[in-house]
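These protein sequences, in sequence, are chains A and B.
Counting in this note's numbering, the first sequence runs from 1 upward without gaps.
Counting in this note's numbering, the second sequence runs from 170 upward without gaps.
The set of hints was computed from the structure by calculation and includes no laboratory data.
None of these values were measured; they are calculated from a predicted model.
Where is the CB? At the ideal position from N, CA and C, for every residue including glycine.
Don't take each hint at face value.
Stated by the list, open to error - Distance windows between CB atoms, simulated: (1) L129/A with V513/B: 45 to 53 Å; (2) I42/A with L535/B: 26 to 34 Å; (3) V789/B with R123/A: 40 to 48 Å; (4) D150/A with V513/B: 49 to 57 Å; (5) R67/A with D556/B: 49 to 57 Å.
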Amino acid sequence: MTTVSLLESMQSHHDGHAYGEWLDVSFGRGRYGIPLAKIREIVVPRVLTRVPRSLPSILGLMSLRGRLITVYDPSKSLAEDTRASEPTHVGAPRALKAARILLLRGAGDEIALRATELHGVVRIADLELEPPTVLGTLERPHIWGVARHDGQAILLLKLEELMREIERA
Amino acid sequence: MDLNDRARDEFFSEAQELTDNFGRELVALEDLGFSAERVNSLFRYVHTLKGLTSLFGAPAVTGLSHQLESLLDDARMGRVELTSEIQNLLYRSVTVYGQLLAAAQGGGPEPTEELQALLAELSGVRVGRAGGVDVLADLELDPALLGVLTEYEEHRLRTTLGGGLDLFRIHAKFSLLTIDIELEQFKTSIRPLGEVITYLPVGDASEADTIELEVLVASDHAILELESAVGSTSAFVSKVERRARAAPRTPAPADAGVIYVQSTSNLGYPQAPRLNTLTPGAVSARPAGTEVRIEFAEELSGVDVDTDQSPVTLRASARTTGTAHGQEPAADVSLRSLARTVRVDIRKLDHLMNIVGELGLVRGQLLRIASRLRNAPATRSLGQALDRVHRNLERELDALQGGVLEVRMVPLGQVFDKVARVVKQASHVMNKRMNLVVTGAETELDKLIVEELSDPLLHLMRNALDHGIELPDVRESLGKPATGTIALNAYQRGNQVVIELEDDGHGIDLPAVAAKAVRLGLLTAEEANVLPSSGLIDLLFLPGFTTREQVTDLSGRGVGLDIVKQQLSKLGAAIEVSTQEYIGTKILLTLPVTLAIIRVLVVECSGESYCVPLGQLEEVTRLDASKLQFLDGRLTYALRERTLPAVVLSDFFAVPAAEATDSAVRFVVVTQVASKRLGLIVDAVHGQRDIVIKALGRSIHGVASFAGATDLGDGSISLVLDVAAIQTECLGAEARGSRRSEPVAPLPARPFA
Numbered sequence: 001m002t003t004v005s006l007l008e009s010m011q012s013h014h015d016g017h018a019y020g021e022w023l024d025v026s027f028g029r030g031r032y033g034i035p036l037a038k039i040r041e042i043v044v045p046r047v048l049t050r051v052p053r054s055l056p057s058i059l060g061l062m063s064l065r066g067r068l069i070t071v072y073d074p075s076k077s078l079a080e081d082t083r084a085s086e087p088t089h090v091g092a093p094r095a096l097k098a099a100r101i102l103l104l105r106g107a108g109d110e111i112a113l114r115a116t117e118l119h120g121v122v123r124i125a126d127l128e129l130e131p132p133t134v135l136g137t138l139e140r141p142h143i144w145g146v147a148r149h150d151g152q153a154i155l156l157l158k159l160e161e162l163m164r165e166i167e168r169a
Numbered sequence: 170m171d172l173n174d175r176a177r178d179e180f181f182s183e184a185q186e187l188t189d190n191f192g193r194e195l196v197a198l199e200d201l202g203f204s205a206e207r208v209n210s211l212f213r214y215v216h217t218l219k220g221l222t223s224l225f226g227a228p229a230v231t232g233l234s235h236q237l238e239s240l241l242d243d244a245r246m247g248r249v250e251l252t253s254e255i256q257n258l259l260y261r262s263v264t265v266y267g268q269l270l271a272a273a274q275g276g277g278p279e280p281t282e283e284l285q286a287l288l289a290e291l292s293g294v295r296v297g298r299a300g301g302v303d304v305l306a307d308l309e310l311d312p313a314l315l316g317v318l319t320e321y322e323e324h325r326l327r328t329t330l331g332g333g334l335d336l337f338r339i340h341a342k343f344s345l346l347t348i349d350i351e352l353e354q355f356k357t358s359i360r361p362l363g364e365v366i367t368y369l370p371v372g373d374a375s376e377a378d379t380i381e382l383e384v385l386v387a388s389d390h391a392i393l394e395l396e397s398a399v400g401s402t403s404a405f406v407s408k409v410e411r412r413a414r415a416a417p418r419t420p421a422p423a424d425a426g427v428i429y430v431q432s433t434s435n436l437g438y439p440q441a442p443r444l445n446t447l448t449p450g451a452v453s454a455r456p457a458g459t460e461v462r463i464e465f466a467e468e469l470s471g472v473d474v475d476t477d478q479s480p481v482t483l484r485a486s487a488r489t490t491g492t493a494h495g496q497e498p499a500a501d502v503s504l505r506s507l508a509r510t511v512r513v514d515i516r517k518l519d520h521l522m523n524i525v526g527e528l529g530l531v532r533g534q535l536l537r538i539a540s541r542l543r544n545a546p547a548t549r550s551l552g553q554a555l556d557r558v559h560r561n562l563e564r565e566l567d568a569l570q571g572g573v574l575e576v577r578m579v580p581l582g583q584v585f586d587k588v589a590r591v592v593k594q595a596s597h598v599m600n601k602r603m604n605l606v607v608t609g610a611e612t613e614l615d616k617l618i619v620e621e622l623s624d625p626l627l628h629l630m631r632n633a634l635d636h637g638i639e640l641p642d643v644r645e646s647l648g649k650p651a652t653g654t655i656a657l658n659a660y661q662r663g664n665q666v667v668i669e670l671e672d673d674g675h676g677i678d679l680p681a682v683a684a685k686a687v688r689l690g691l692l693t694a695e696e697a698n699v700l701p702s703s704g705l706i707d708l709l710f711l712p713g714f715t716t717r718e719q720v721t722d723l724s725g726r727g728v729g730l731d732i733v734k735q736q737l738s739k740l741g742a743a744i745e746v747s748t749q750e751y752i753g754t755k756i757l758l759t760l761p762v763t764l765a766i767i768r769v770l771v772v773e774c775s776g777e778s779y780c781v782p783l784g785q786l787e788e789v790t791r792l793d794a795s796k797l798q799f800l801d802g803r804l805t806y807a808l809r810e811r812t813l814p815a816v817v818l819s820d821f822f823a824v825p826a827a828e829a830t831d832s833a834v835r836f837v838v839v840t841q842v843a844s845k846r847l848g849l850i851v852d853a854v855h856g857q858r859d860i861v862i863k864a865l866g867r868s869i870h871g872v873a874s875f876a877g878a879t880d881l882g883d884g885s886i887s888l889v890l891d892v893a894a895i896q897t898e899c900l901g902a903e904a905r906g907s908r909r910s911e912p913v914a915p916l917p918a919r920p921f922a
């Protein structure tokens, strides 16, 4: 891990999720917010190589400028209806036009999440915030809060917790 | 990484290297016997480590080094004998060093208790020594003379006297002009009778052209013999008597005819700094009787070959190493480092290797452009020119790739040394006697593999010692030599390296393995009866399987062999075990030479391409569906009248099979790791290529089937099969266990085309 990424992961650890800007995306049908500072790069989907016998949340591997990147689909861990996300393997190469691959920063491994759709960047100052407890008593460690933006509910995610859940799934 | 980080990294890597060297020297000391040079090396390593750690602030390491330094200093001066208890302490120190360094690096707990215990024992050794009997104190010798002896001479004196020799002083007069010749004759005449401890110039320079030397000689011959050997009228021999123990000091009765003036001794044995070497020419340039010190390295090494040369002073080492056989060259002649090597972080090499791989991809693109240009009439000559450039590039790239690969190669000795040290230490603890015979340590392997190999290898060695080698009395009652032998051998075979680990212990108790397996419910009693020994051995690699009822410090906790197997198959290694009761056990590890670049066959299965390492590939043949048959619930293929276990890759991966057409030809890819064979049935074969293998992310790492992934050059990723792991799963005892519930290779859903 380079000094820079170490610093960043430490910062994110200490600052909690007090990020100013969030990326508003869909995983499956639901709307989610991911701290913009956690995203290194956004690329259009490319052919993924399926990894047999791996976690169901692993969509496959892709190559980006010589780097090997593991792409995850977080929708299962987020209890999303996955019918919206279609397979993008070689066998069925129809990638969703709207889908994007979000490369994450500072996670040690080269990992990425596939979002069904990107809606834009929202500033926390423009959001109406509610604590995760409005969703009931169910413990959802990866949810930082609920935000409302233009009449839409957006679940703001804690990325580290989410990745932990995904890798457990 | 900033400068401090780098310095810290350098420090740890250097400290580790010193510790490793210390351990290696320790093993050499035990194997090859005591030598002053070896003890001196030990001392040097500890000394350097002490300096290094005090600089970087690792006080615990410094403290330990200090204690060891004192002990080793005593040892090299012969004040302390390196008994097996003390050697054991030294072995323990290496372990504690490792733990301390790991702790300082933030990778483990401080071994506080072990350190305290070790320090206490180390200082115990030194205190014990102080109470010992000193042979020198019994000598009728002027303490002033003893005071000017070098530490090495003092050591030789103790050794020879301890060995029962008598000490004689020979007072001789030499002419300054011919001293070199005369001394040569003198020592030649003495040599058959004893050992020359030292020469000391004495006298008051009564004659300007002579020099008087007092020569101390240890000998078990009578004084008359020495006198006649010296044969010169200008030399006088006297015997230095030993006082009776605890008797009051009395002057020595001088032998008749000896002219020796006691009072000159204080003048003649000055406490001043002395020259290390002196040529005859230099002697004549000085007034006789001054502080002249003459040492003849040749003489010393010629007399006591077994103890090598003085550890303290720099003697004429070029001559010494030239004349004495079997001696190690003195390493401390120059401060300039002799090693023309650079320590490089393996990650940097990985990075270079990646670049080489990427360049290979660029090369492929160039080739395609060249062929397009060539095929168009207007640009044909341009295309041909590009082709030529491409061929040059290809050649240079190959050389570059070979060079980077070569840099990654290190001798297996690196890991053998570590393992040898730990096992030797363990044998002391267990009161077992063991010879470790290491051959092929120069065999080279990828650094990464060598590193990863140390844990599994250590485990196997400990097993050999703990479970294999019997206690000395048991061995003797079996008619075996009391000292067991563990042989570690390595050699290269094609692009694989084989490591053999063989012990002459009591072998694996296969009936006990079978009984345990039945008790654990892994096998029925009937199955256990018919299972061949290789099947029983496979059971040992199951998690939690141990036949030992008693857990020892070293092994037998039942966590182990399964981990060993896991670690090894991650390296693409295969493990084979053969055993014979009372005769011993032999373990064969087969490893790829490098993990970085491998040659693979690209195959296709259900629309995805996979890479099969060529090193594990035996042959590829077209599938003849009529030769497929289920035997005992397993898919087999009849290959040239031999039964080959087989698996349909898409079934193994549980992915949908490719659409079948009547004309589709499928292939059997015959893999072989060690002596195990397995046929993989695939949809297509796409040829060979060199690939740069990349590590999988951590959540895929756990998927046993893949050794890594690679970019095929068109931007698509292909997974590299871990053939050893797939074989294990399809052929091993685990597959047998799971076979009852769900077949590993279920019946193909459709008839084979």
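Go ahead and decide if the range 45 to 53 Å is satisfied by the Cβ distance of L129/A to V513/B. Distance hint for L129/A, V513/B holds at roughly 51 Å.
Between the beta carbons of V789/B and R123/A, is the distance compatible with 40 to 48 Å? This hint is violated: roughly 59 Å between Cβ atoms.
Okay, R67/A versus D556/B on CB: inside 49 to 57 Å? This hint is violated: roughly 31 Å between Cβ atoms.
Is 49 to 57 Å respected by the C-beta to C-beta distance linking D150/A and V513/B? 55 Å, holds
C-beta pair I42/A, L535/B: status relative to the range 26 to 34 Å that was hinted: 31 Å, holds
Going through the hint list in order, the structure does not satisfy hints 3, 5.
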